[in-house]
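> In case you want the letters, here they are:
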Amino acid sequence: MNPAFRRFRSVLAANAPARISFWVLAALYLAAIFAPWLAPYAGDDESRACSWAPPSALHVRETDGSWHVPFVRAVSYTFDDDALRVWTEDSTCRFPLRFLHGGHLLGLGEAIASPGQRVSDPVPAGRLYLLGADARGRDLLSRILLGSRVSLTIGVVGVAISTLIALVVGGIAGFAGGWADSVLMRLCEVVMLVPAFYLLMLLRAALPLDWDSRVVYFYIILILSFLGWAGLARILRGMIQSLRQSDFLAASRALGLSPWRILWRHALPQTFGFLSVQATLSIPGYIVAESGLSLLGLGIQDPQTSWGNLLEEAMSIAEIRLHPWTLLPGVFLFAAVLSWNLLGDALRDAFDPRSLS
Amino acid sequence: MSALLSVEDLGVSFATPEGPLRAVDGISFSLERGAVLGLVGESGCGKSATASALCGLLPPGARTTGSAHLLGQELTSLSEPSWRSVRGRRISMVFQDPMSSLNPLLSVGEHLVETLRTHQELSRTAARTAAAEWLRRVGIPDPAARLASFPHELSGGMRQRVMIALALCPGPDLLVADEPTTALDVTIQAQILDLLATLRKELRMTMIFITHDLGVVERVADRIAVMYAGRVAEEGPAAAILSAPRHPYTRGLLDSVPGFRPRTGRLLSIPGAVPSPRDWPSGCRFHPRCAHADRICEETVPAAPGPEGGAACFHPVGAR
Amino acid sequence: MIPMLLGVSLLSFLLLQLSPGDPLSAQRGNPQVPDALIHRIETEYGFDKPVPEQYLLWLSRTLRGDLGYSFKYKRPVADVIRERVGATLLLAVFSSLLSWLLAVPLGVWAALRRGQWPDRVVSLTAFVGMSLPSFFLALLLLFAASVAPPLPWFGRFPIGGLVSPEFDQFGPWARIGDVLRHILIPGLVLAVGGVAGLQRVSRGSMLETLRQPYVLAARARGLSQRSVLWRHAFRNAANPLITLLGFEFSALLSGAAFTEIITSWPGLGLVALEAVRAKDLFLVMATVLMGSFLLLAGNLLSDILHAWNDPRVKLS
Numbered sequence: 001m002n003p004a005f006r007r008f009r010s011v012l013a014a015n016a017p018a019r020i021s022f023w024v025l026a027a028l029y030l031a032a033i034f035a036p037w038l039a040p041y042a043g044d045d046e047s048r049a050c051s052w053a054p055p056s057a058l059h060v061r062e063t064d065g066s067w068h069v070p071f072v073r074a075v076s077y078t079f080d081d082d083a084l085r086v087w088t089e090d091s092t093c094r095f096p097l098r099f100l101h102g103g104h105l106l107g108l109g110e111a112i113a114s115p116g117q118r119v120s121d122p123v124p125a126g127r128l129y130l131l132g133a134d135a136r137g138r139d140l141l142s143r144i145l146l147g148s149r150v151s152l153t154i155g156v157v158g159v160a161i162s163t164l165i166a167l168v169v170g171g172i173a174g175f176a177g178g179w180a181d182s183v184l185m186r187l188c189e190v191v192m193l194v195p196a197f198y199l200l201m202l203l204r205a206a207l208p209l210d211w212d213s214r215v216v217y218f219y220i221i222l223i224l225s226f227l228g229w230a231g232l233a234r235i236l237r238g239m240i241q242s243l244r245q246s247d248f249l250a251a252s253r254a255l256g257l258s259p260w261r262i263l264w265r266h267a268l269p270q271t272f273g274f275l276s277v278q279a280t281l282s283i284p285g286y287i288v289a290e291s292g293l294s295l296l297g298l299g300i301q302d303p304q305t306s307w308g309n310l311l312e313e314a315m316s317i318a319e320i321r322l323h324p325w326t327l328l329p330g331v332f333l334f335a336a337v338l339s340w341n342l343l344g345d346a347l348r349d350a351f352d353p354r355s356l357s
Numbered sequence: 001m002s003a004l005l006s007v008e009d010l011g012v013s014f015a016t017p018e019g020p021l022r023a024v025d026g027i028s029f030s031l032e033r034g035a036v037l038g039l040v041g042e043s044g045c046g047k048s049a050t051a052s053a054l055c056g057l058l059p060p061g062a063r064t065t066g067s068a069h070l071l072g073q074e075l076t077s078l079s080e081p082s083w084r085s086v087r088g089r090r091i092s093m094v095f096q097d098p099m100s101s102l103n104p105l106l107s108v109g110e111h112l113v114e115t116l117r118t119h120q121e122l123s124r125t126a127a128r129t130a131a132a133e134w135l136r137r138v139g140i141p142d143p144a145a146r147l148a149s150f151p152h153e154l155s156g157g158m159r160q161r162v163m164i165a166l167a168l169c170p171g172p173d174l175l176v177a178d179e180p181t182t183a184l185d186v187t188i189q190a191q192i193l194d195l196l197a198t199l200r201k202e203l204r205m206t207m208i209f210i211t212h213d214l215g216v217v218e219r220v221a222d223r224i225a226v227m228y229a230g231r232v233a234e235e236g237p238a239a240a241i242l243s244a245p246r247h248p249y250t251r252g253l254l255d256s257v258p259g260f261r262p263r264t265g266r267l268l269s270i271p272g273a274v275p276s277p278r279d280w281p282s283g284c285r286f287h288p289r290c291a292h293a294d295r296i297c298e299e300t301v302p303a304a305p306g307p308e309g310g311a312a313c314f315h316p317v318g319a320r
Numbered sequence: 001m002i003p004m005l006l007g008v009s010l011l012s013f014l015l016l017q018l019s020p021g022d023p024l025s026a027q028r029g030n031p032q033v034p035d036a037l038i039h040r041i042e043t044e045y046g047f048d049k050p051v052p053e054q055y056l057l058w059l060s061r062t063l064r065g066d067l068g069y070s071f072k073y074k075r076p077v078a079d080v081i082r083e084r085v086g087a088t089l090l091l092a093v094f095s096s097l098l099s100w101l102l103a104v105p106l107g108v109w110a111a112l113r114r115g116q117w118p119d120r121v122v123s124l125t126a127f128v129g130m131s132l133p134s135f136f137l138a139l140l141l142l143f144a145a146s147v148a149p150p151l152p153w154f155g156r157f158p159i160g161g162l163v164s165p166e167f168d169q170f171g172p173w174a175r176i177g178d179v180l181r182h183i184l185i186p187g188l189v190l191a192v193g194g195v196a197g198l199q200r201v202s203r204g205s206m207l208e209t210l211r212q213p214y215v216l217a218a219r220a221r222g223l224s225q226r227s228v229l230w231r232h233a234f235r236n237a238a239n240p241l242i243t244l245l246g247f248e249f250s251a252l253l254s255g256a257a258f259t260e261i262i263t264s265w266p267g268l269g270l271v272a273l274e275a276v277r278a279k280d281l282f283l284v285m286a287t288v289l290m291g292s293f294l295l296l297a298g299n300l301l302s303d304i305l306h307a308w309n310d311p312r313v314k315l316s
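Residue numbers (the working numbering), protein chains in the order written: chain A, 1 to 357; chain B, 1 to 320; chain C, 1 to 316.
Derived by calculation from the structure, the hints in this document are not laboratory data.
Hints are supplied without guarantee of correctness; some may be wrong.
To be verified - Taking lysine to any residue and the SDA-like style, the derived pairs with C-alpha atoms no more than 25 Å apart in a straight line are:
{"id": "1", "chain 1": "C", "residue 1": "Lys314", "chain 2": "B", "residue 2": "Gly156"}
{"id": "2", "chain 1": "C", "residue 1": "Lys314", "chain 2": "B", "residue 2": "Gly109"}
{"id": "3", "chain 1": "C", "residue 1": "Lys72", "chain 2": "C", "residue 2": "Asp48"}
{"id": "4", "chain 1": "C", "residue 1": "Lys74", "chain 2": "A", "residue 2": "Arg244"}
{"id": "5", "chain 1": "C", "residue 1": "Lys314", "chain 2": "B", "residue 2": "Arg278"}
Said to hold, decoys possible - Some but not every residue of chain B turned toward chain C, in silico, with C-beta under 8 Å:
{"id": "6", "residue": "Arg84"}
{"id": "7", "residue": "Met93"}
{"id": "8", "residue": "Asp185"}
Claimed, not checked - Just a sample of chain B residues kept apart from chain C, beta carbon distances all over 10 Å, derived:
{"id": "9", "residue": "Ala3"}
{"id": "10", "residue": "Ser6"}
{"id": "11", "residue": "Ser28"}
{"id": "12", "residue": "Arg33"}
{"id": "13", "residue": "Arg87"}
{"id": "14", "residue": "Gly88"}
{"id": "15", "residue": "Asn103"}
{"id": "16", "residue": "Glu179"}
{"id": "17", "residue": "Leu195"}
{"id": "18", "residue": "Asp222"}
{"id": "19", "residue": "Pro277"}
Every residue gets a Cβ at the ideal spot worked out from N, C-alpha and C, and that includes glycine.
This is chain A alone, in the form it adopts within the complex (with noise of 0.2 Å):
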């Protein structure tokens, strides 16, 4: 494993937006490991009061003019003429940032009046949306974080498991060759023949609609996994054949090595460098795939996130116009493909002999 850990690390030394690259998602991973801790609010908080709310504004000077630890203001709606949504600030009281607080990297503390007023009862909601609320009140920025969860490991446990399941057909297509060659090969064109698209549609015509949302991940996982088996198992078959022929693998045979053995411990080794580039440029595919899942609404489901799911609530045009903050998942979700994209690219120029720069 060494060469090939040196190998990466010359590419990221060598390519600068690869290096970028590793890092933002070296950020995004480790945000999702710690989000119920980085988020300030659990993904079901809501506030219905706060419905639609725009990102809360930092105030860091009181009426009187004081200067204070940046604090947000409770805020209200009323509807105008055009059935518009018009915010107004409380401006009795105020809400200081707290960093760690109540078990989350950022909070607010208790409503302190402001100068010359008393603090109404009951309280007013001081809510921190540093990224909007949704319809419901609830954080986005929560939300985003606690989605990433979700898109950015359902990626890589898909890839991980279709490459495992085109090993093996790859690898028994490949090595034991005659009809079962040609049946597997056969099978693998007719799904290929198939638009990822409808594919999706079929998959997901085939299961129930109603979902228990724990089963839920676990079944877009498996359908993503159909979606990229195919093509690869046909790579590595081919891969297998021409180790098959070749001599390394005459030598182990006249050694007396069983065919099974054969296979997994000498042959399947040897496509471990190109399996690991091309599961490196396949992940952003399956993040956007399951997005596109959720965005539809045949995936990830509410009370569970992910940044498809979030995607949803802009799927209405007139309500993009109303709170654009929803767009902001797709940033993210760009960011996150972008990454792997360039990562990939390194990887594959570094491990590729001929590709030219």
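Using the hints provided, position chains B and C relative to the given structure of chain A.
Chains B and C alone, transformed into the frame defined by chain A:
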């Protein structure tokens, strides 16, 4: 006596990541109209670079020094747009590898018609007729039908004939043939050489024939210039050079090729290897491999052969 | 070609059998669907018969042009498909043309200016285009269109649909213009995704071709720069591009489907989604088959283009 082409102190250097690399280091020769000069040498001596320089086909970043006059026009200082009016019309080139020098997507006829119409005002039909005529001239059977053939349908020898037709159809003053027979089978080689000889007489062609094969140059050249390490080692009439070489390198070359040595004795090889342009030896570049070398050969650059020929050597050998 | 489609139909059929109940179970509970209709379909498609027989029944009906009945649209599936395929084809062709028109010059330009700033900028832009999910780009463009002021002579950007409500009142030229206005956003979204890949291949292929001996030989004959570049270099460089066209067609159809849904372009993708949502299984199968058929057709087209461009390629 006015020469068609006169090359004086021509130098070529290529741009490489490690800095400029000098491939041709001051060569001079001249060529009369209707004469054939054989430019002979092993790989790495700079003969192909010379050919490219004469056609303006050096890669980007390459620099040319010295001068090359073709009928009064200075070639070394031409810009790319000016080259386009010189190439084909004044100088033409035949390349080494006929397999890949033709566009696989265009038929033979399309190649010829395109070249003909670029250089002359011809209608399509007139160009097609001229094309068929050229195919006949280069000895391709059934020329009218061959116009529709594609390169992959032709043999190596046929393709090279087409290349020759393409090079000659604009009516150039000078033809540069860069190892035109090297990639062909021996019997086909002979055919192509015969073709070139015939065409030369018919068209009063002036030609520079580049090769490493002494047997080939013998059949085709009037004069021979032998190149070594970017310089001309010896130059003179073909018969003289081949029968009585003066430069030890030429002698060594002839000794290592069957057919040029008397039947008795073994073939001798020249000890050592051709130096790369990065480590060209000082003084006479052949001195590390030469049995007759002494201090002056190591320290001083011998004078290049004059317009009448000669060897660039302090100790030229006598005839054996 | 036919066996492949048969294989697809078999695969879809088997997969759909996984769905609990039979294809009509969703409809049975639907008060809007008359029992008589359900009963008729049951007998005609033999839902009580064993699976292989069901498939053969379905196959024989399909070969006669009867793709089943759509409960959502209350019409034969074949009619629904026929109405929508055209829009998808139009979108696919339009965006392919657009991406070629953009990608080829960009790729050639980048190849000629290799290593210099145009090359780097184009390459980076291509990457960005490749990484931007088509649905996100569609959302962004729709958002921009909805806040954009009306352009002179172009009017407001349409944000959905194939034609305006007043389409029937337009003369022929106005109709074409109307469709063009509507196809602009979905077409652009798809083209952007396609340009990235095409441009990279175009550049790489061009670089490779420019090094070939026949290009040098063409220059040596004194041919014009334009002729050398396009007739000799580019025509040869086009081969991998045409191959890519075949490969990319699958991604194109998928991307088109997503884009259709978001921009309300009435094509095959939108139908497929609605079919899945409504559990309208005959329609799902038909759309899957149609999608595969379009892919096959695209590949065939690519093969034909190959043979037309390159005389060494023989059509089998």
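> For each hint, tell me whether it holds in the structure or not.
Hint check:
{"no.": "1", "hint": "Lys314(C) with Gly156(B)", "verdict": "holds, 22 Å"}
{"no.": "2", "hint": "Lys314(C) with Gly109(B)", "verdict": "holds, 21 Å"}
{"no.": "3", "hint": "Lys72(C) with Asp48(C)", "verdict": "holds, 23 Å"}
{"no.": "4", "hint": "Lys74(C) with Arg244(A)", "verdict": "violated, 56 Å"}
{"no.": "5", "hint": "Lys314(C) with Arg278(B)", "verdict": "violated, 49 Å"}
{"no.": "6", "hint": "Arg84", "verdict": "holds, 6 Å"}
{"no.": "7", "hint": "Met93", "verdict": "holds, 4 Å"}
{"no.": "8", "hint": "Asp185", "verdict": "violated, 20 Å"}
{"no.": "9", "hint": "Ala3", "verdict": "holds, 23 Å"}
{"no.": "10", "hint": "Ser6", "verdict": "holds, 22 Å"}
{"no.": "11", "hint": "Ser28", "verdict": "holds, 24 Å"}
{"no.": "12", "hint": "Arg33", "verdict": "holds, 21 Å"}
{"no.": "13", "hint": "Arg87", "verdict": "violated, 4 Å"}
{"no.": "14", "hint": "Gly88", "verdict": "violated, 3 Å"}
{"no.": "15", "hint": "Asn103", "verdict": "violated, 5 Å"}
{"no.": "16", "hint": "Glu179", "verdict": "holds, 12 Å"}
{"no.": "17", "hint": "Leu195", "verdict": "holds, 18 Å"}
{"no.": "18", "hint": "Asp222", "verdict": "holds, 24 Å"}
{"no.": "19", "hint": "Pro277", "verdict": "holds, 22 Å"}
The structure is inconsistent with the numbered hints 4, 5, 8, 13, 14, 15, although it conforms to all the rest.
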